Amino acid sequence: MKRLLPFIIILVVLGGALGVSLKLWKSRGGAPNTNATPTFATNLPGPTPANNGPDPNQANQNAAGLTKPNVKVSSPVVVEEYGDYQCPPCGQLYPELKQIEKEYGDQIQIVFHHFPLMKIHKNALLAAHAAEAARDQKKFWEMHDLLYRNQKEWSELADPRPVFVTYAKQLGLNIDSFNRDLESNQIDQKITADIQRGTTQGVTGTPTVFLDTHLLRYEATNLEGLRRGINILLERKATS
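Using this note's numbering, the letters of the sequence shown map in sequence onto residues -17 to 222.
Hints in this document: simulated from the structure, not taken from any laboratory.
Hints are not guaranteed to be accurate.
[As the list claims (entries may be wrong)] DEER-style ranges, computed between Cβ atoms:
| hint | residue 1 | residue 2 | range |
| --- | --- | --- | --- |
| 1 | 93 | 220 | 18 to 24 angstroms |
| 2 | 184 | 162 | 44 to 50 angstroms |
| 3 | 122 | 23 | 14 to 20 angstroms |
| 4 | 220 | 159 | 43 to 49 angstroms |
Computed from a predicted model, the values in this text were never measured in an experiment.
Note that the Cβ used here is the ideal one computed from N, Cα and C, for glycine as well.
Please model the complete structure; the sequences and the hints are all you need to start from.
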């Protein structure tokens, strides 16, 4: 299909990385566990003199940071996810991110980038199209939620399109526009841009989460790890 042509170069670049990602996914056996694993993949810069806060790198090495700090911040912590709607670990992370959103409110900003692993998830690209088609009618997050909540319903279908159309009807979308957007070259370009952006940032699998541009370790990509990482960054961003 024409729709797949923009992704050929991306697939070549990601081919080896996705093989590693599949191997890792098979070895995970479910949701990751922190177990005192460092929160971030690299050490954060030390606190500025104005902050004079706790050493975040020390906080990474132990169970500190699990209590939400009572602080005011000048800007929210950006929780940036690279995800694949067909990816089982992404489906496991989804309710945990919803819980984080509920707990932190306007102290965080959640951003989602498409990173469909097309070599191992045959329906991931079309699901990303469905989400973007809904975005064009101002229902991205609603479709995002339906795709993850009902992942098992459509992920192994030979053709998930009728299911996605059913979701679009549930959301009250214009179905003619939605169907056109499932084949849209403009949406192809948006998804390709997300893949390229992620590849530049070193993303090789899903879910991959950054907190204020700091890569969250895979082993810490769960509810506890998200809380710890967000709390560390909120302390650093605290205003008097």
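Here is what the structure says about each hint:
Between residue 93 and residue 220, the C-beta spacing of about 22 angstroms keeps the proposed range 18 to 24 angstroms intact. Between residue 184 and residue 162 the beta carbons are some 35 angstroms apart, a value that contradicts the proposed interval 44 to 50 angstroms. Roughly 28 angstroms separates the CB atoms of residue 122 and residue 23, a value that falls outside the hinted 14 to 20 angstroms. Distance hint for residue 220 and residue 159: a CB-CB separation of about 45 angstroms, consistent with the stated range 43 to 49 angstroms.
The structure fails hints 2, 3 (numbered hints given earlier, in ascending order).
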